[in-house]
Amino acid sequence: MMKKGNNINKKYGLCFAILLVLLFVSVISSISVGSTNISFKEVWNALCGNKDNIVVYRIIWDVRMPRICAAIFLGGALTVSGYLLQIFFSNPIAGPFVLGISSGAKLTVALAMICFISNGVQMSSGMLVLSAFIGSMVSMGFVLLVSGKVKNMSMLVVCGVMIGYICSAICDFIVAFAEDSNIVNLHNWSLGSFAGMLWSHVSCMAVVITLAIICVFLLSKPMHAYQLGEEYAKNLGVNIKRFRLAIILLSGILSACVTAFAGPISFVGIAVPHLIRVMFKTSKPMVLVPGCFLGGACFCLICDMIARTVFAPIELSISSVTAIFGAPIVIIMLVKRKANHTRG
Amino acid sequence: MEYVLTEQMRVGYGKHEIVQNINLHLKRGEIMTLIGPNGVGKSTILKSFTRQLSMLGGTCVLDNKELETYNDRELAKKMSIVLTGRVQGEYFTCKDIVEKGRYPYTGSFGIFSDEDHRKVMEALELVNMKDYADCLFEQLSDGQKQRVLLAKAVCQEPEILVLDEPASFLDIRYKLELAQILKHLAKEKNMAILMALHEIDLAKRISDIVVCIKDGKVDQYGEPEDIYSSDYISKLYDIKQGSYNVEGSLMELPPVKNPPEIFVIAGGGFGISVYHKLWRKQIPFAAGVLHENDIETPVAKSLASSIVLERAFEPVSEEKMMEAKKILQYCKSVVCACEQFGTMNMNNKLLLNYAKEQNMLIGPNFL
Numbered sequence: 001m002m003k004k005g006n007n008i009n010k011k012y013g014l015c016f017a018i019l020l021v022l023l024f025v026s027v028i029s030s031i032s033v034g035s036t037n038i039s040f041k042e043v044w045n046a047l048c049g050n051k052d053n054i055v056v057y058r059i060i061w062d063v064r065m066p067r068i069c070a071a072i073f074l075g076g077a078l079t080v081s082g083y084l085l086q087i088f089f090s091n092p093i094a095g096p097f098v099l100g101i102s103s104g105a106k107l108t109v110a111l112a113m114i115c116f117i118s119n120g121v122q123m124s125s126g127m128l129v130l131s132a133f134i135g136s137m138v139s140m141g142f143v144l145l146v147s148g149k150v151k152n153m154s155m156l157v158v159c160g161v162m163i164g165y166i167c168s169a170i171c172d173f174i175v176a177f178a179e180d181s182n183i184v185n186l187h188n189w190s191l192g193s194f195a196g197m198l199w200s201h202v203s204c205m206a207v208v209i210t211l212a213i214i215c216v217f218l219l220s221k222p223m224h225a226y227q228l229g230e231e232y233a234k235n236l237g238v239n240i241k242r243f244r245l246a247i248i249l250l251s252g253i254l255s256a257c258v259t260a261f262a263g264p265i266s267f268v269g270i271a272v273p274h275l276i277r278v279m280f281k282t283s284k285p286m287v288l289v290p291g292c293f294l295g296g297a298c299f300c301l302i303c304d305m306i307a308r309t310v311f312a313p314i315e316l317s318i319s320s321v322t323a324i325f326g327a328p329i330v331i332i333m334l335v336k337r338k339a340n341h342t343r344g
Numbered sequence: 345m346e347y348v349l350t351e352q353m354r355v356g357y358g359k360h361e362i363v364q365n366i367n368l369h370l371k372r373g374e375i376m377t378l379i380g381p382n383g384v385g386k387s388t389i390l391k392s393f394t395r396q397l398s399m400l401g402g403t404c405v406l407d408n409k410e411l412e413t414y415n416d417r418e419l420a421k422k423m424s425i426v427l428t429g430r431v432q433g434e435y436f437t438c439k440d441i442v443e444k445g446r447y448p449y450t451g452s453f454g455i456f457s458d459e460d461h462r463k464v465m466e467a468l469e470l471v472n473m474k475d476y477a478d479c480l481f482e483q484l485s486d487g488q489k490q491r492v493l494l495a496k497a498v499c500q501e502p503e504i505l506v507l508d509e510p511a512s513f514l515d516i517r518y519k520l521e522l523a524q525i526l527k528h529l530a531k532e533k534n535m536a537i538l539m540a541l542h543e544i545d546l547a548k549r550i551s552d553i554v555v556c557i558k559d560g561k562v563d564q565y566g567e568p569e570d571i572y573s574s575d576y577i578s579k580l581y582d583i584k585q586g587s588y589n590v591e592g593s594l595m596e597l598p599p600v601k602n603p604p605e606i607f608v609i610a611g612g613g614f615g616i617s618v619y620h621k622l623w624r625k626q627i628p629f630a631a632g633v634l635h636e637n638d639i640e641t642p643v644a645k646s647l648a649s650s651i652v653l654e655r656a657f658e659p660v661s662e663e664k665m666m667e668a669k670k671i672l673q674y675c676k677s678v679v680c681a682c683e684q685f686g687t688m689n690m691n692n693k694l695l696l697n698y699a700k701e702q703n704m705l706i707g708p709n710f711l
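Protein chains in written order, with this note's numbering: chain A, 1 to 344; chain B, 345 to 711.
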């Protein structure tokens, strides 16, 4: 029996190692690939702080590195946020995008940006996150209200998509009628993009996301119990009210952070947790939470690399790329589950 | 020493009261079963008792302490549950499920000690699912799933185990196995067991106390022997079409009401299969002459449209034989389910001879 346990731990270790290697490779190639291709040697030199080639040094440290860090943090955050929602609704097709939470955050961020910009005030990262958090909580409130009325998960998802459309529509109106030329930026952002990240953004998101992920990890044990359903969890001694509140807040903060800095990004929150579950073949949150974070980081990094290189110099929105890779995964997952259900 | 003691407990949803006046006394090592028709509030009582619902009134004391004053973790070490609903989830192994039962005992990260691992395997062994420890839960049959959930509950090392319809998805073999496991837990591990059951025959076999819920209150309360009578069970479940035979714990459907077409000469239990076969074909029949204490008399009573009975331990009298003959004459044919005749039913043999003379006799494979 002990030997078996060791084997399982080895398997998890191997999966984590694969994810880390993948992340490392994606980081290195993300640094070197782009509108200017940089050789690995130059990348190495610049990373070591060698300023001989000042142009390369600037490109790497001022443009690509903040963008890469953002993709890592935000990708991880988005995936964990999706995973939390899946635990909360005990349904694998829950995610911040399909439930309209990202769109809610997008709307409030757009509103806040316009208010501040038209008054000539630049928004700080903290204010961005805060406004996104308010929006995501309002959307989440709606979703919870609906989930109280309809027990059927597919109905809930349809409602979430509708909320998402409403928010996006309002957002489009605002952007279209906004006068200031600064709003041009807003348009790009509202489609979803990692472009134009500053180190100040990165440090803000790093702090918020790291804290939130630590909290999520600390909730692994009650999450494990909650997977059997609310009644069993309560019987096992989980404080359900507090637990549910914590899950909602944390997933809200994580997805708000993503929306505040990179706009709404689709499908990552559903597709990546699914891939990670398949890869690790377990349901243990203690393994899946870090797995999801790493997986999401790799996924977003690779998608971002594709978004900015395939049709360079034109950049695709990140959502277009994540949708192309993510949506088929979700469809395959749904079809497989359906097949399982009819068999059982 | 009462482990569970409720007084004037009232349960329901919100303002809507479903069952009132619940006074239960349960000791450790005893099995208490709630029976009663669907929707009468058995689950509501269990839900209130496990604090999934809050009580509407009255008191409930668990191990000398008011139920409401327990904190979640304290209660988790005292009480564990097995529910009716199905559990879903991907990539759960059976062991994963059972391991959840250790939740109240592990630290904040849920790291397992060797003892925790041992307890998990013990629980799986108890429900005969040890070989499936690493199998995926979703691939098991309903009966196996139910047993894994029971193992989870056992692994939680409770003093009281609460089960809501634990036998619902089980086939007959697993029902018996479940009954054995529950009895074992009560006797060997000194657990108190409180459950709701649909299977009244199973309830009768294993319960120390049966609680009958009807019309929003506890209708009867006591040992199964005191409660189980055909009339009472029929009343409890409002059975108007059919009957419940307590002696054999068998359900019987209502008899075919028309005048008998076939007369069955039977006794000693040989007739039961013939009665059932005739009932399935919906052929009305008469049976006789049977002794009152014959094993097949209750079945014949429920299914035959007429029946001739002799007092227990008395030979079949001339009088009863003539009565039977009268009925027999109006039938189309006669079936003899008896294989042998002795002193007590010698007159049945005369009946048989009469049928032979009249050319009414048909073989047991008559249909």
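Keep in mind that the hints were calculated from the coordinates and are not lab data.
Some clues are possibly wrong.
[As the list claims (entries may be wrong)] No farther apart than 27 Å at their CA atoms in a straight line, the calculated lysine-lysine pairs in the DSS-like style are these:
1) B:Lys531 to B:Lys421
2) A:Lys241 to B:Lys409
3) A:Lys284 to B:Lys421
4) A:Lys241 to B:Lys421
5) A:Lys10 to A:Lys281
6) B:Lys519 to B:Lys371
7) A:Lys284 to B:Lys489
Violations among the numbered hints | none
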